[in-house]
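*Asks:* Each chain, written out:
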Amino acid sequence: MCLAVPMRLVRRDGDIGLLELDGIQREVSLALLQDSELGDYLLVHAGFAIGKVDEEEARITLQLLKEVADHDEARHDF
Amino acid sequence: MTSEDAAAQRGAYGDPRAVAALAAKVKAAAGRLTRPVTFMEVCGTHTNAIAAAGLRRLLPDSVRLIAGPGCPVCVTPVGYVDRAEALALRPATTVCTFGDMLRVPSSSGSLERVRAEGGDVRVVYSPRDAVQIARQDPSRTVVFLAVGFETTAPTVAAALEEAEATGVGNFTVLSGHKVMPPPLHALASDPEVQVDGLLCPGHVSVITGWRAFTFLPEEYGLPAVVVGFTPTDVLRGVEDLVRQVVEQKPEVANLYSRVVTAEGNIKAKAVVERYFMPQDQIWRGFGNIPGSGLGVRPEFARRDAFAIEVPVCAPVEPEGCRCGEVLKGSINPPECPLFARECTHEQPVGACMVSSEGTCAAWYRHERFQTGDIP
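So the sequence lines, in the order shown, correspond to chains A and B.
For the first sequence, the numbering used here begins at 1 and goes up steadily by one.
For the second sequence, the numbering used here begins at 1001 and goes up steadily by one.
Note that these hints are calculated values from the structure, not bench results.
Think of the CB as a built atom: it goes at the ideal place given N, C-alpha and C, for glycine as much as any other residue.
Hints may be right or wrong, so weigh each one.
To be verified - Below are the DSS-like pairs computed for lysine-lysine, each with C-alpha atoms no more than 25 Å apart in a straight line:
id	chain 1	residue 1	chain 2	residue 2
1	B	1249	B	1025
2	B	1027	B	1249
3	B	1025	A	66
4	A	66	B	1027
Unchecked claim - In silico negatives: residues of chain A with every beta carbon more than 12 Å from chain B:
id	residue
5	11
6	12
7	13
Can you make the complete structure from the sequences, with help from the hints?
*Replies:* The following block contains the structure:
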């Protein structure tokens, strides 16, 4: 029920945004967001954008996961 | 970031190498435990993610993961569904609902059955769709079944705001909304429930902010983590909970910082506050929990579908169903005598089997094959 999907904001008209994910487009209300810019990744739930995905934080998490995986692989190489 | 980048990111969060490495880290951390521990997640999406990825099998025996009251459809009491059915059978009334409420057992059937008998029940993707249905036919009263936690309540409040702003007078809501902290207080202070740490619900936290959960370490000494929904997210969370137990330093660790902040979505919280107020609410398995629900504010009483008089009888729970104990984490689904016998995904008896996010549904779909709990 609390499932939310990140989609990219590609167009906006007032409080209505057109969001895209893997070629699928959906009209979503932006009424619950303080601000948003074209290109932002927004978390979509029940027809509303409820939050933004922080790209810098996402990058840090991914880097961390990569290091964990690489470290594990290096250990197996021994 | 292009959509290919986004796809690559999503893949990376489930990277099998990272999953294996994190599982090894959990095992290593668990080596420092002096006793077995039980961690609870309270989000249907976590329940499903854990079951689908088979994460329980990757954890050492000393670390047990259980599910709590994280599925809003499952904790919705029978009486609410009975009232929704009565509204659907009322003349000139349309009931709009998210799809997963359709098959939830009522005292005598389900909304799906009421629809087959001629009741006007429509499945919508968003509460905004229900406002649109109301706008198109002002002669009918439209009732939206407002079920969900903090994640969903703002979308309903925003729909109410849209109806107010655009003069859609026939849009109403039957609020069964619930908020997470009160049942967590109830669980943390229940001597029968042995939980050593909480995986906090990620998308509830997008709205509430992670600070909403600081009472867990501060009042109960319980470790807590806010995590996302990929296998790596969950394993990082489990590792952190183990670390907090070992170091005896409970806190709320935010491991979902790519979307969760300390304060959450302030605008969303404000719109909820404008239309809803705290009220007592009945949770399946828990009974009444003071202040755990959101009722429509009296100044918007004409939007409150609970004010519409319909005939409802005393609610009847399905016989033999142990959903209540499953929701408290006191039993796992296979311990219910109905599980996978009378109660299957095709012919569900209890709400936890009906909802795609229910604990019984997750076990039925994924884990009974992994654990050998097939009757």
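*Asks:* Decide, hint by hint, whether the structure agrees.
*Replies:* Each hint, compared with the structure:
no. : hint             : verdict
1   : B/1249 to B/1025 : holds (19 Å)
2   : B/1027 to B/1249 : holds (19 Å)
3   : B/1025 to A/66   : holds (14 Å)
4   : A/66 to B/1027   : holds (19 Å)
5   : 11               : holds (15 Å)
6   : 12               : holds (16 Å)
7   : 13               : holds (15 Å)
Checked against the numbered hints above, the structure breaks none of them.
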